Amino acid sequence: MPTVQEPVSFGVAGVPVRGILYSPEGRKALAGVVICDPFAEEKKCAQSTLAQLGRALAEADACALHFDYRGTGDSGGRFEDYSVDDYREDLRAAVDFLRLRTGAGPIGLLGLRLGATLAALEAPACRAGFLIMWEPILDGARYLRELSQRSTIKSMLTGAGAPADLEEESEPVGFVDLDGYRLSPRAVKGLQQLRLAPPPDGPTRTLLVECTPRGENTAAGLTLIQSYRYGEARALRLEPFWQRIGLTDTSALIAETVSWLRDQWGGHA
Amino acid sequence: MSSDADLKSRLKNMIVERLFLKVDPNTMPDDANLMETYGIDSVNLFEIVVGLEDDFGISLAEEDFSIEAFATVNSIAELVRRKGGG
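These protein sequences, in sequence, are chains L and W.
Numbering (the numbering used here) for the first sequence: 1 to 269.
Numbering (the numbering used here) for the second sequence: 1001 to 1086.
No lab work stands behind these hints: they were computed from the structure.
The model shown is predicted, which means the values in this text are computed figures rather than measured ones.
Where a beta carbon is used, it is the ideal one built from N, C-alpha and C, also for glycine.
With a straight-line Cα cutoff of 27 Å, these simulated DSSO-like cross-link-like pairs (lysine-lysine) come out:
#: 1; chain 1: L; residue 1: Lys154; chain 2: L; residue 2: Lys44
#: 2; chain 1: L; residue 1: Lys44; chain 2: L; residue 2: Lys189
#: 3; chain 1: L; residue 1: Lys154; chain 2: W; residue 2: Lys1083
#: 4; chain 1: L; residue 1: Lys154; chain 2: W; residue 2: Lys1022
#: 5; chain 1: L; residue 1: Lys189; chain 2: L; residue 2: Lys154
If you want the ones that stay clear, here's a sample from chain L, every Cβ over 12 Å from chain W, calculated:
#: 6; residue: Pro16
#: 7; residue: Glu59
#: 8; residue: Asp81
#: 9; residue: Gly174
#: 10; residue: Arg195
#: 11; residue: Leu196
#: 12; residue: Glu256
Turn these sequences into a full structure, and let the hints steer you where they fit.
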């Protein structure tokens, strides 16, 4: 099915947030999807998959907005000036933009890793009609520790010096450098405090997709999805494509997700 | 099977599974250099670290990371034992 993709822009606090809008060509969009990026290097690695996802959604008669948080990608601002709270503001603005721009039916959120966590947290405020979480981060403090470990491993293999210590560098005047991504104390604190708690009210239709070595959902994932009234969990045997650029075929993940979405809004079969 | 052999067997299974290696874990030599033999890179090593923490109940600190510690199944088993996992 023919689709259109166009660069779009909207502002948050005077800073341009840019993205790509994927739409069905010559057909009415049955739903809108805001695609929420993962963080730092994971965003870079997932770029291709999320672009494919945008096109697949448009082919299935949805509008999809894939945007860059402030300080990332094509959006304005410096990476180190923004934190999780700012990304959440960007996400809400993206939903408003998509709602006004397309007039599509239900607007939903789809996120990967940190993007999934932020989407889940913002779904009630955004009045999201559906929520899709790909490999959400459940515990921000653990995630931050993993980022630090990854940085340590890279330094170890390249013979570079040890990365700056997380605790020392998270002092009020200090910054943490993780593989070239400078995190301000506010960004570190925001990540450390991030928790994907069960929603206070959960009418939103929700899909959790995990990519695991055995193709089975994790216990933590199942516990999470059980807290959603209309939650559904699926798992695929898939390598962590958000950690490596371009080597993993994610077409099954995209097909599974689009199929679930079609079931929700009765889109093109 | 001794506990040492059991630990190494579990490590091999974990490595093969998490890294999607197309090898029989039982054929992995204990002393083969993982990076040279299986082309393990930083992304793979991170997956091994997650596997050690999730499946073997250890917590790795900055000082635990060295090329030697992650070079072979033998050295990883030694790391797990030193950290009190199993």
